Each structure stands twice: as C-alpha cells, then as structure tokens.
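**Student:** Residues per chain are reported as follows:
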Amino acid sequence: MAHSNAAATGAYGTTGSYLNTPAGGGLKSWLTTVDHKKIGLMYASAMFTFFLVGMSLGFLIRLELLEPGTQFVSARAYNSIFTLHGVIMIFLFIVPGIPAILGNFILPLQLGADDVAMPRLNLASWYVYMTGAVMALASLVTGGGFADTGWTFYAPYSLNTNTNVSLAVLAAFVLGFSSIMTGMNFITTIHRLRAPGMGFFRMPLFCWALYATSWIQVIATPVIGITLLLVVMERTLGIGFFDPARGGDPILYQHLFWIYSHPVVYVMVLPAMGIISEILPAFSRRTIFGYKAIAISSMAIAVVGYLVWGHHMFTAGMSDTARWVFSLLTFFVAIPTGVKVFNWIATLYRGSIEIRVPLLYAVGWIFLFSIGGLTGLANGALSTDIHLHDTAYIVGHFHYTMFGGAAIGMFAGLHYWWPKIWGRMYNEKVATTAWVLIMVGFNLTYFPMLILGIKGMPRRYQDYLPQFHDLNFLSTIGSWILVAGLLTMIINLIRGARSGSPAPDNPWGSTTLEWQTTSPPPLLNFATPPEVTTGPYDFTEILRQNNVEAGK
Amino acid sequence: MSSDISHAIDQAPGHVVHTDPETGKTGMWLFLFTELLLFGGLFLIYGVYRSMNEGAFHHAAAELNVAMGVTNTIVLLTSSLTMVMAVSALQRNQVKRSLGFLTGTLLLSATFLVIKFFEWSAKYHHGIFPGKDHLHELPHGEGLFFNLYFMMTGLHGIHVVIGMIVMTVVLFKIRSGALAADNHGMLEYTGLYWHLVDLVWIFLLPLFYLTT
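The listed protein sequences derive, respectively, from chains X and D.
If you read the first sequence in the working numbering, its first letter stands for residue 87, the second for the next number, and so on.
If you read the second sequence in the working numbering, its first letter stands for residue 3, the second for the next number, and so on.
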C-alpha cells in the first residue's frame with residue numbers, strides 16, 4: 087500500500103490518496119477509520135481470508151468424492167465439513183460480499199457523496215461482522231465440534247445433535263446484525279446523499295441494485311434472527327416450538343428459515359447484476375439498453391423474491407394450494423430476470439465492444455447465471471422438483487447461481503474497479519488466463535453435478551454408488567482447475583495492488599461519477615462536489631475524446 | 003439532494019462528520035422496521051400454534067393475571083405520554099421540564115419491570131417456566147402457550163431494559179448540554195423506539211391475557 091503522492095489539502099478536503107490519509111497512520115488508522123473506502127477494504131481482506139478457507143473446504147469435499155467409499159474423511163467429519171463450507175461461504179462471504187466490499191467503496195463515489203450517511207455505524211458494522219466471524223470459528227473448537235446439520239440448521243436434528251449448533255447459529259445471528267446495519271446505511275445514503283441533479287432515475291444501476299438489496303437486508307434479516315435465537319432457546323430450555331415431541335412443527339422452522347434465506351439469495355445476486363449493468367455499457371461505449379426497465383426489475387425481483395420461499399419445501403409437506411402458488415410466484419421471478427438478461431444482450435448489440443478483463447468476467451457471468459437461472463426453473467416446477475429435490479442437481483444449480491452469479495459478479499466488479507481502488511493496474515494477461523481457468527474449471531466442476539442429480543445421486547453423502555464414479559471424477563478434476571484459476575486471480579490482483587503500473591483516473595472510458603475523481607480517490611472523494619446534468623451512461627463526451635485522439 | 007448537507011472534518015483527519023438531521027431519523031425508522039419483523043416472527047409462530055391449539059390456548063390464558071397485565075398496560079402507555087412530553091419540552095428549550103418527564107418515564111418503565119417480575123416469579127413457583135418439568139407435563143398446546151408467553155414478553159422485557167439504558171444515557175447528555183433544543187435528535191429517536199416498545203405490548207396484552 088505504498089503510495090508516493092503526499093496528502094495535500096484542497097478546497098473541498100484533502101486531495102491526496104485516501105490510502106495515506108492520515109500519512110503514516112499504520113494499522114491503527116485502519117482499525118479506527120470511518121472512511122467508507124478503507125472500511126470496504128477491511129471487509130475485503132477479512133472476507134477473502136474466509137473465502138480461501140471455504141474454498142479449501144470445498145476442495146476437500148471434492149477430493150473425498152474422487153472415488154466411491156471413504157478416502158480420508160469420515161462420514162461424520164464430512165457432515166461438519168460441508169456445513170462449515172456452507173456457513174463460511176454464505177454467511178461470511180457472499181451474503182455480505184458485494185455490498186460490504188464494493189458497495190461500501192463504490193456507492194458513495196457513484197452518488198457523488200463524500201461518505202456514507204452514517205460513517206460511524208459503518209465502522210461498527212465491520213466490528214459486528216468480525217465478532218460474528220470469530221464466534222463462528224470459535225464454535226469449531228468448542229462444545230461438541232462444528233455443527234453437522236448443513237448450513238440450513240433444520241429442526242429437529244439441529245435441536246438434538248451434540249455438535250455446537252448453538253454458537254454457530256448465534257454467530258449467524260450476529261452476522262445478521264452487521265448485514266442490517268449496512269442495509270440501513272445504504273438506504274439512507276441513497277435517499278440523502280445523491281449529488282445535486284442526480285434524481286433516482288439518474289443513478290447508476292449498481293446503486294439501484296444496492297438499493298433493492300438493502301431493502302431485502304433490512305426486511306428479511308430480522309426474521310432469521312429471531313428464528314435462530316429460538317433454536318438456541320430450544321436447545322437450552324426446550325421450548326418446543328420446532329420439536330414435534332412437544333407439539334411443535336419442524337416445517338414451521340423451515341418456513342421461517344426460508345422467509346429469510348430465499349430473499350437473501352437476491353441479496354447475493356442483485357448487486358452482481360448491478361455490476362454487470364455497469365461493465366457492459368462501459369465496454370460497449372453506448373448507453374445501457376432499457377435503463378428504467380433494469381432499474382425497476384431490480385426492485386421487482388426484490389419484491390417478488392420475498393414471496394417465493396415455499397419452493398424450498400415442495401417435498402416437505404405443504405398443501406397443494408400452497409405448492410402451486412409458490413411455484414407460480416417462482417416463475418414470476420424469471421420475468422424481471424429475463425428483462426435484465428435481454429437488456430444486457432441488447433446493450434452489447436451494435437456497441438463498439440472493447441474486450442478487456444472486466445468484460446470477459448461480465449460475459450462469463452451472463453453465461454453461468456443463465457445456466458443457473460434456467461436450471462432453477464426446473465426446480466420451481468412441482469413435478470420435476472419431486473425428482474430433483476435433495477440431489478446433486480440442486481448443488482450444481484445453486485453453485486451456478488451463487489458462485490457463478492454472486493461471486494463471479496464480484497470478481498468482475500473487482501477487476502473493473504481495481505484501478506480506481508488502488509490507482510494501479512493488475513496484469514491483464516494473467517487476469518485473462520485466470521478467467522479461462524475459472525470458466526473451464528467451473529463448468530467442469532458443476533455441470534457433472536447437474537447430470538449426477540438427474541441420474542439420482544443424492545447430495546450431502548460422503549459416499550456414492552459405483553455408477554456415479556465417472557462424473558464425480560470429472561467434477562473433482564474440474565475443482566483442481568477452478569482452484570488454480572481462483573488462486574491465480576487473487577495473487578494477480580494483490581500483485582497489481584502492490585506493484586502494478588499506475589492507472590489513469592478513467593482507464594476504461596466509463597461515464598459514472600467515480601471515474602471523474604482521481605485514482606485512488608482522496609479522503610472526501612472529490613476535489614469539487616460533482617453536479618449531474620445527464621443520465622449515468624452518456625458516452626457523447628467519451629466518444630468525442632476518442633475521436634480527437636484517433637485524429638491525432 | 004445533498005446540497006443542504008454540511009460536513010466538517012474533525013481534528014484527526016479521516017473523520018467525516020455529517021450534520022444532517024434527516025439521516026438519523028431515516029435510519030431510526032428503518033431500524034424500527036427491523037424490530038417489527040423481529041417480533042413478527044414470534045407473532046407468526048403464535049398465530050400458527052393458536053390456530054392449531056385453540057382450546058388449549060384458551061385454557062392456559064386463564065392462568066395469567068389480567069389485573070397485573072392491564073395495570074402494566076396503563077403504566078407503559080403513561081410512560082409513552084411522559085416521553086412525548088419530554089421531547090416537546092426539550093424542543094421548546096425547557097431543559098428542567100424535559101429532565102423531569104424523562105425521569106418519570108424511567109420510573110414508569112421500572113414499575114413495569116417490577117410488576118413483570120412478580121408475574122414471572124409467581125409462574126416460576128408454579129413450575130410454569132421454560133425448561134421446568136411441569137411445563138413439559140402440560141398438554142402440548144398449553145406448553146406452547148406458556149413458552150410463547152415467556153419468549154414474547156421476555157424479548158419485550160429485554161427491549162424495555164435496553165430502552166431504560168438508552169434513556170439514562172440521554173438523560174446525562176441533556177444534563178451536560180450535549181443534547182439541546184437545536185440538537186434534540188437522540189431524544190426524539192429514543193422516543194420513537196419507546197413508542198414501538200409500547201405498541202408491541204398493546205398487542206401482547208390481548209393475545210395472552212385477554213384470550214380466555
């Protein structure tokens with residue numbers, strides 16, 4: 087993080103890089119900062135540490151499934167490993183991921199603001215996040231070992247198992263608080279801190295996506311909060327709400343769990359959709375097709391997505407009426423999602439496309455997420471779901487949406503904003519190689535799972551029948567390529583941040599406000615407060631400059 | 003629009019302080035939303051189990067002391083009134099009056115907790131308490147009723163305690179002049195929170211005490 091430009095004082099605030107304001111502050115200046123940019127990076131360093139742990143666990147799961155029978159992980163340990171993989175990846179990485187890292191860094195910049203609306207609350211949310219993370223890790227070594235229930239903590243097993251479920255769900259409860267704080271902060275920021283002239287329909291689409299996301303965080307998270315607290319109460323006091331032996335109903339737990347956990351998949355994926363909506367116009371040199379439709383479809387996904395949780399429980403015992411209503415609503419979510427995908431494709435059509443690393447990730451995202459979305463429709467249909475429920479198909483499907491959707495979207499955003507964040511470029515050739523490895527490894531790992539599931543291989547077992555060997559073998563090989571790609575990408579990004587060539591203020595020729603300030607931005611983001619007079623993706627000026635340069 | 007928002011940098015660079023009164027209010031309302039949904043989960047469970055065990059809920063509710071419940075309702079409603087008066091007094095720069103009403107609110111909330119304590123301990127002595135064997139021997143519906151009663155009034159009680167802690171902090175801030183007529187936001191938000199605590203209780207009273 088060594089940057090030579092010294093902090094200088096301008097009319098609006100300091101104009102030197104935020105990275106060395108205050109100069110020579112050291113670790114303490116990071117841990118006590120209320121600067122949204124530094125907080126975003128603190129989230130990034132924590133989350134990618136957890137991501138590497140989660141990735142190693144996933145790698146371990148695939149390695150165990152290389153051959154039928156037990157390789158080196160006992161069935162019992164396997165249960166804890168896939169639970170820990172799920173808990174880390176979901177609660178510590180992709181749910182808070184894009185909002186906390188890129189949302190924190192980019193949202194105020196895109197709005198033309200000097201920080202989020204409540205900077206101290208922002209820092210507090212990081213500490214709450216870290217507390218939750220420490221609790222989750224502490225549950226590994228305390229009590230009866232890490233939970234073996236799967237990340238869903240389904241009752242009644244989660245009430246009876248001797249593993250340390252209580253601490254794990256309390257950790258998830260605390261992490262939820264952090265999520266709520268970030269959501270509240272972003273909604274307030276978007277309402278109060280937009281630059282003069284920036285109406286709601288002049289906001290960049292990433293801001294719209296974060297707005298929809300934040301509402302889900304605020305509205306859905308408390309429900310899981312109280313549900314998880316009740317699981318702790320069940321385990322300590324035996325209140326019996328989810329325990330059939332005491333008149334409780336375990337299905338009710340599933341309802342309460344998914345009332346949060348289905349909307350939360352849109353918390354993971356909506357911000358990724360926002361990132362794609364930023365990258366495509368920038369590299370097509372034209373305004374986004376159907377701006378309002380994309381903005382409103384984000385809100386529509388948030389609203390409809392709140393009402394479809396029952397589709398996780400088609401086989402769990404619900405009335406037929408409830409089942410077809412939830413199935414119908416599930417299909418409705420495909421409409422605003424389709425609106426987005428078609429608008430993105432239409433944006434590329436006849437654009438002056440420049441193929442750079444962020445665009446590669448964005449296009450890869452559209453491909454992977456389309457597979458994820460379409461395979462999801464098969465689960466949303468009542469009859470096929472009976473066959474596919476609890477099979478490896480589900481594992482394949484949600485990795486295409488959550489990993490292919492949320493995480494690849496985050497990687498796209500990191501490659502897009504990296505020069506803004508550090509003022510330095512990563513090596514584009516290495517980044518392209520990493521992208522190829524990730525795309526090949528990804529499909530090789532997860533596509534076989536779709537086929538295995540259709541053939542009837544159940545999920546969450548440490549062993550499988552011999553006829554499933556070939557595809558499992560292929561999938562494990564894929565995981566090696568995928569991990570190689572991910573490591574290449576992460577190392578390349580870190581090297582770029584440390585010693586990459588200096589990046590200009592607007593390396594891609596983008597139009598949104600964050601590119602109008604310096605790279606990296608000063609403490610208060612803009613030397614003079616920006617004013618907005620056009621929509622977010624007006625390329626007239628960029629194209630004129632390009633023509634002038636070409637004419638030279 | 004942000005043109006009306008002023009900001010300043012503290013002595014230590016890196017600390018941006020926004021002075022936008024709407025920010026705190028928006029944030030507080032959003033927080034109250036989350037509180038509604040937190041209690042909402044429990045109200046949902048109550049609704050489901052009541053529809054499944056109507057007779058048992060009816061029977062079990064007779065065990066609760068209606069007089070104490072109603073007294074507590076009056077106490078809590080009055081505390082909301084004194085809270086409003088504390089806010090409006092500070093807005094009109096009547097610091098002493100405001101402090102008086104806030105102290106009154108604190109005393110009333112303490113009264114609420116004392117009454118609640120006697121109710122809970124009476125139940126405890128009858129073996130009606132989460133985790134006690136007697137509760138497990140009751141018919142399932144009644145067991146669920148009492149567990150819901152303790153969970154919901156318990157969560158509400160925790161909110162009362164948190165409210166009292168915040169009120170005490172606010173009290174000292176008004177005394178020291180950190181909160182004043184032109185900067186009364188924190189007292190107002192505490193008031194908003196307190197009304198929510200009150201509102202939740204207004205639903206708890208009929209659902210538990212008055213269902214027989």
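Do not take every clue at face value.
[To be verified] According to the in silico footprint, chain X covers these stretches of chain D (three or more CB under 8 Å from chain X):
| id | region |
| --- | --- |
| 1 | 39-51 |
| 2 | 113-125 |
| 3 | 144-157 |
None of these hints come from the bench; they were simulated from the model.
Note that the structure is a prediction, hence the values are computed from the model and not measured.
Beta carbons are placed, not taken as given, at the ideal position from N, Cα and C, and that holds for glycine.
**Student:** Taking beta carbons only, do three or more residues of the region 113-125 of chain D come closer than 8 Å to chain X?
**Tutor:** violated (count 0)
**Student:** For the region 39-51 of chain D, do three or more residues have a beta carbon lying closer than 8 Å to a beta carbon of chain X?
**Tutor:** The restraint on the region 39-51 of chain D holds, since 10 of its residues have a Cβ under 8 Å from chain X and three suffice.
**Student:** Closer than 8 Å, Cβ to Cβ, for at least three residues: run that test on the region 144-157 of chain D against chain X and report holds or violated.
**Tutor:** Answer holds; 7 residues pass the 8 Å Cβ test.
The structure fails to meet hint 2 from the earlier list, while all remaining hints are met.
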